[in-house]
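Undergrad: Protein sequence lines, in the order shown, are assigned to chains A and B. Take 0 as the starting number for the first sequence in numbering that gives the first Met the number 0 and just add one per residue. Take 0 as the starting number for the second sequence in numbering that gives the first Met the number 0 and just add one per residue.
Mixed in with the good hints there might be a few duds.
[Claimed, not checked] Covered by chain A, according to a simulated footprint, are these stretches of chain B (three or more residues, beta-carbon under 8 Å):
1) 25 to 34
2) 95 to 104
3) 145 to 156
4) 182 to 190
5) 353 to 360
6) 370 to 379
To be clear, the hints were calculated from the coordinates, so they are not data collected in a lab. Think of the CB as a built atom: it goes at the ideal place given N, C-alpha and C, for glycine as much as any other residue.
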Amino acid sequence: MSSRVVPVGFLLVALIIAACESSPSPSPSAAAEETAAPTPAPPPAEGRLALVQERGMLICGINGGLPGFSFLDSASGETTGFDADFCRAVAAAVLGDPTLVEFRTLNADARGPALQSQEIDVLIRNTTWTVTRDTDWGLFAPTTFYDGQGMMVRSADGIESLADLEGATICVQTGTTTELNLADTFGAEGIDFTPLPFGEIEQTYSAYDEESCDAVTSDRSQLLAQRTTLSAPDDHVILDVVMSKEPLGPVVPHGDEAWFNVVKWVVFATIEAEERGITQDNVADMVDSDNPIIARLLGADGDLGLRLEPDWVVDVISAVGNYGEIYERNLGPGTPFDLDRGPNSLWTEGGLLYAPPYR
Amino acid sequence: MTQAGHPGHAHAAPPPWRDVRVLRVAVQLAVLLAVGIGVAYLINNLTTAMGERGLSFGYDFLDRRAGFEIGESPVPYTASDTYGQAFLVGLLNTLFVSVVGIVLATLLGVVIGVARLSPNWLVSKVAAGYVEVIRNTPLLVQLFLIYFAVLLQLPAVRDTIALPGSIFLNQRGLFVPGPQLSPTFGTWLAVLGAGLAVAVGARVVASRREASGRPSHHLGLFGALAFIGLAIGGWVIVGDAPLTFDLPVPGRFNFSGGLALSTSFTALAAGLVIYTAGFIAEVVRGGIQAVRRGQLEAARALGLSEVDTLRLVVFPQALRVIVPPLTSQYLNLAKNSSLAIAVGYPDLFKVGTTMANQTGQPVPVIALVMGTYLAISLATSLLMNLYNRRVQVLER
């Protein structure tokens, strides 16, 4: 829990270190090569893509405490989940190996500074896309999960709508859009409430579980996931209200469009693969497909400008599967969460997932 | 004077590089320069880095609408107020918990410090055990224990414990009747003032007598009785009750009205008090042990009681040793209150991090938070230094 204090102090240090890295020398590696190449300056590293490939490791900021999205699986000791798989997808595309990911657990307060100080390559941490964050934190890649804010209450309390929560104490995690939406929604409807804020996701739900608050609010997917961790999951219901739009997706630090494009198209590739019926199992056969769209996606026309290996999509799909497979594996019917695809279906099936043409 | 090693040049000025006065100034200048360069380098790095990342340094956001609610506030606050007001609420919450913490930690610390020196084996060992356990475990762990394992295990709201006098206790907090001033309050306050004057007068006379060696304990008692008598008499005389009480009433989810002491606040205050008292106890013990044994023996020889020995002989001398390290403990307590968010108390640091997060301006906000803690600490130091000057013995 010292992470409460660390990130902020860390921020100053990180900014300073970041400054040391970038301002005096053209590239982070320049200092190391100073002695080796004295005459012509080494060509400046081409942004973060080169940096990640040189490092041989993708640093991915995750939540770490959210089952279904990114959570340390006690059985395997691996970080599993929907967000974690997108980290692996990016690693597979850039490095050709989905295991070359360093997961960095960040709480809600620490993620903005982590992006601003550029200490992570990409943030995939159920982060809502807003205009302030888009301008202050970094660039938002396409939404991987369309969510909405919900409210979880104890079924014994007989609460059916938000208006029934007049005078209630509501647990909320600080540094989230949820905290602001709560004030907005309840303020607009004139409902009095007392917020009980916590910095860490674990304490937010422990406090709710111990009846320290009457309700807990967050993204609906998070509520569903966290309900499975409560002492008696069946005693809790999620109200049938959606208080806000919460498009969750990857974020990359500002100032590197090439890297932004890589992350953006990794997400699109998983969506496109699902639309074209390319799966983890059949991707090897699909490479020889007669369908020019599929062949192009899997590298028949070579690199289309992302400066990745031509067959990077094959690496991604064979590592984590297409969007539908990632979803089913982490959140689908076979899991404790059993989340309906809802808006997270392909556009051809009435959902919001739509990848631009890969050509 | 003749310098060793230079018998022949007793009065010749040494060359500048061997002149100790020149060297002293030179070393100080060099250190100052080095520190200045270091600081300038860091500041330059920060501004360069912020410029490159497109971050600006400014406090315009303080006037913008905060948009988040704060659960506990001593002053009225809603989400439509500004970030500046939100920050003020956080500051007041921090000051409140710090002041309460400092007062209670001092009381508990003195009791434990004295107990540790008690000739009673059990009392001194219990006090020693307290100090060793509390002082050697992290405060954050203690806070979690107090909040999650103790206070949240109190009965739920529906099983609230009702105490006589409309006092209610449950896992959300302690709810007591809140005093409300009525129109006759001013008159009663005047009567109360008169009572206070009598009590203070009695105390002054008592301490004069004590100084002249003729202690009189019943004078203090007289003062207290006079005060209580006037307070009750005044209450009856003014007719309408000068104070009415707003009783806590059960609502659908929790009690409303009255005065509420939330579990978050209680957990934080209790954690800070228990933790800091462990350190204060050691400071007090050290101070008492610094008083020479001869002083104690002299006090006993004069026939002073144990209490008077402590009060009149030991404490005044121990304070000289106690106050400076006590100041450090007070500063620690105020700074440790920034762990508040762990138990859901909206203090300065919590409001600050929320502001940093929502505005996307971490550097200015953190600078503001640091500056505020610095101001609180310096103000505390100043007060304690003034007090320290009073308790020091004037040495000739």
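Undergrad: Please go over all the hints and tell whether each is borne out by the structure.
TA: Hints, verified against the model:
{"no.": "1", "hint": "25 to 34", "result": "violated (count 0)"}
{"no.": "2", "hint": "95 to 104", "result": "violated (count 0)"}
{"no.": "3", "hint": "145 to 156", "result": "holds (count 5)"}
{"no.": "4", "hint": "182 to 190", "result": "violated (count 0)"}
{"no.": "5", "hint": "353 to 360", "result": "holds (count 7)"}
{"no.": "6", "hint": "370 to 379", "result": "violated (count 0)"}
In the structure shown, a violation is registered for the earlier hints numbered 1, 2, 4 and 6, in ascending order.
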